[in-house]
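Novice: Spelled out from the first residue to the last, the chains are:
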Amino acid sequence: MSGPALIPRISLTWLLAAQALVIIPHLLHVPTWLIPLWLVCGGWRIQIFRQRADYPRGWVKALLLVGVTAGVLLSHGTVVGLDAGVTLLLATFVLKLLEMKRQRDAQVLIYMGFFVVVTAYLFEDSLLSFAYSLLPISCLTAALIGLQQSRFNQRPWATWRLAAGLLLQALPLMLLLFVFFPRIGPLWSMPTPDVARTGLAESMSPADVAELSRSSELAFRATFDGPIPAKERLYWRALTLDDFDGRRWSQSSINRRANVFEPPWQKQGEVLDYQILMQPTGQPWLFALDVAEPAADVGRLQVDFRVQSAVPVEQAQLYRLQSWPEAVRQPQLPDVLRRLNLRLPSGFDPRTRAWAAELRQQYPDDQALVLALLQHFNREPFHYTLRPPVLGQHSNDEFLFATRRGFCAHYAGAMVVVLRAAGIPARVVAGYQGGEVNQTGNYLLVHQFDAHAWVEYWRPGKGWQSVDPTFEVAPERIEFGLEEALADEGSFLEGDLLAGARLRNIPLLNQLRLAWDELNYNWQRWVLGYQGEQQLRWLQSWLGTVDWQRLGLTLVAAVALLLMVLATWLLKPWQARPPAQQRYLQQVERLLAHLGVQRQTGEGARRFSQRAQVAIPAQAAVIKAFFQEYERQVFAGEQVDELALRAACQRLRRALPWWQRWR
Amino acid sequence: MLDTLEKAIASINHVVLGKEQQVRLAVACLLARGHLLIEDLPGMGKTTLSHALAKVMGLSFQRIQFTSDLLPGDILGTSVFDKNSGQFVFHPGPIFAELVLADEINRATPKSQSALLEAMEEGQVTIEGSTRPLPEPFFVIATQNPVSSSGTFALPESQLDRFLMRLSLGYPSPAAEKNLLMGVTRRELMQNLQPVLNHAQLATLQAEVPKVQAREAVIDYVLRIAEASRAQPQFAYGLSPRGALALLAAAKAWALLAGRAYVIPEDVQSVLPAVVGHRVRQQADASGHGGAALVQWLLREVPAL
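Protein sequence lines correspond, in order, to chains A and B.
Residues -10 to 652 in my numbering are what the first sequence lists, from first letter to last.
Residues 7 to 311 in my numbering are what the second sequence lists, from first letter to last.
If you are wondering where the hints come from, they were derived from the structure by calculation, not from laboratory data.
Just so we're clear, the structure is a prediction, and the values are computed from it rather than from any experiment.
Glycine included, every Cβ here is placed at the ideal spot set by N, Cα and C.
Among the hints, erroneous ones may be present.
[Stated by the list, open to error] Quick partial rundown of chain A residues pointing at chain B, CB under 7 Å, derived from the structure:
{"no.": "1", "residue": "Gly591"}
{"no.": "2", "residue": "Ala594"}
{"no.": "3", "residue": "Arg596"}
Take the sequences, apply the hints, and build the full model.
Specialist: Below is the structure:
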């Protein structure tokens, strides 16, 4: 290398632009001190380029590094872990500007940039963020081109266009690797960013559900292999709450433990095949219709018929399930569970208990009692509202006999208390109900405001039966959704003015919203979710059985095919190969051009030869020999003798120093 | 044979000082059986060149001074009644010479001009119904003054095309001019000039020209030049197929002069200014004398290989 290779202006420009684009998506979660640091470093580097400033001295760099480390420690309390690590990476990415002296340094910076772009996916992997990341990637590529190609100097857009073109050309290879490359699980557990999430929690009080009902965030999407069942059949179980402390419902200790045993159940009736893409919840349970049979790698059916994954769902997760809605659930109830599902805290709700005893006397049959209770909710002036009055110590007493205003959590909780007091094992099921149908995509969108609680009670021999007291009070909540149920009250999503779901009354906007959601759904399903089971199934549909040997062979064959297509396109073998003389002339021209003698467009062979002989006297004889041979063959019509030309070309090549030969 | 030719050129150069390139081109023009247009100021040696060429090549020489009252009969000749024989006897005009110098051709009326130009094209003249062949070889050197244009009839493009080459002699170099001033007068030199070639030798040489090989690579180059002159916007009009043929013929003569049996792109380039200069016109140039810039463009931009 001749002297220190400086960084061309064009490369620096694109590098700074790319750096800005790379950092922008990170601004949401990095500490604010990084922004002034970045601006100062960028400004400093520009001043260095304008020769108004010098590179920082060693002690300044050391000071900056110590400062940055201290900053990370102060902001995150640690220098390891995802957030702290990314902050540290960004800080070094910015600081590296200050010691970017030579092309090699700029290359390091550019490669770092690519890495930082990838780390952004840890925080956000939506379609939009992917589309956005094409921008910094193309700019980084442009910076890389600007570093190497002097002829692009002063032409930033040409550089960028070339970069974009290169990325476009890499697309087929990318797709190929995407389809075939085996997804190897991480060797260490992937750290996940700390994000506050909305969703169901392990315990439930009415206030929690009311809180959820105000959120228009997506909970999950479901695609059915057949038609989407009617809404009143879509009770998505998340978890079962069988422990009541007088205020809150929560999971009992047996229930909470994973994999105690699988409850006995009998498949019966129709079967539903569906696929669910759930948003990260940070919880291990999965959403399913009763009674689901999950594949081994998805999760396991728990003692309370919930489906639980082995690890908490920290990223969007795609899984397939089969459900038998009419299955008989646990026809024989073990004593432990029976006791558990009859337990009530002492000292609460005396009036409710008395009323339950009354009902029991009136209706000795369990079934009749449940029906009577449901009718009670239906006939008495109960009112469905998201703005219930505050309840005191004996919440169920107050609710059942005084206020009579509430929503699903109130009705379900109160009903279970009554049933238990009457000696019928019962529990609250928490999950989601219904969903919004995306007609064009033919899938179901379930939002947080679809959160619901209902009741299941146990009948000897028949197993667990689901009933929904809310249906008796506000059937429109079940049949049409929460918005319809709250039409009079106007409390639907009242805390969330900008929620997309509020726009559903404007048809065009609603269509756009659903189309956008479909796009995102497909992105998550087919791109992000394309791994493990999904990948295997897709490959199986194309290749039959899938083993690694076959997969590897297919990958190699596909890459070879792709390269062949590309090579055909680039080399264009259907075009006649230029005659030998022309090829050797081009070779010699390249050699001579490297020695500083370039043939002009309008320059003939003889004149060029003379000029080259004068310019490179050391090789004059060899140059003359080649061009004489060339002239003899091309213009004098002598026998075309490729070998003679090649020999002359070789002589010229050999006459050059070895490092100039292969150009 | 070539040595003789070189000797002839050397003899001409002895009279016309410091114009080797132009002399060589003039000889090439003669060998390619083309006609020559010399465009220059008076007193630049146009007549001397023509005369010397005629002498050295052993050609009979006639000079026609074109004026506005010149009639076609003054060029071609007329039939005069002979009392003695009682018949009309044809008196051949000055055109019946092997080398005709048409001086200041643009001063004559188009009618007279066309009489000469037709003769150049056909190689024969038709007078009073009878066709009379012109001598062989037949070589016309026309001159015109590019500066004083009043009272002249500029040659139209179609007529310019009949000339294989257009030359401009230009001022001599100081050294050549010093020799000119110090030496004996041209007239005396001219008288001492001996023919170097005879008719047979000249005819043989002229017959050699078409035999010079032009391989595909050179033909392609000529085609590229023609194509460029037709496609580029700065050309008012491009090179005609006749122009392309002329270019190739001149290049062959040039190669022959260089002692080569094949044409190389450098030959085409050497004759390009003389052959193409008067056949193209710049879009912005109305007078038609600015072909040189276009020729330079062609030399520079058209790929030679």
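Novice: With reference to the structure, classify each hint as holding or not holding.
Specialist: Consistency of the hints with the structure:
1. Gly591: 5 Å, holds
2. Ala594: 6 Å, holds
3. Arg596: Holds. Min distance 6 Å.
Checked against the numbered hints above, the structure breaks none of them.
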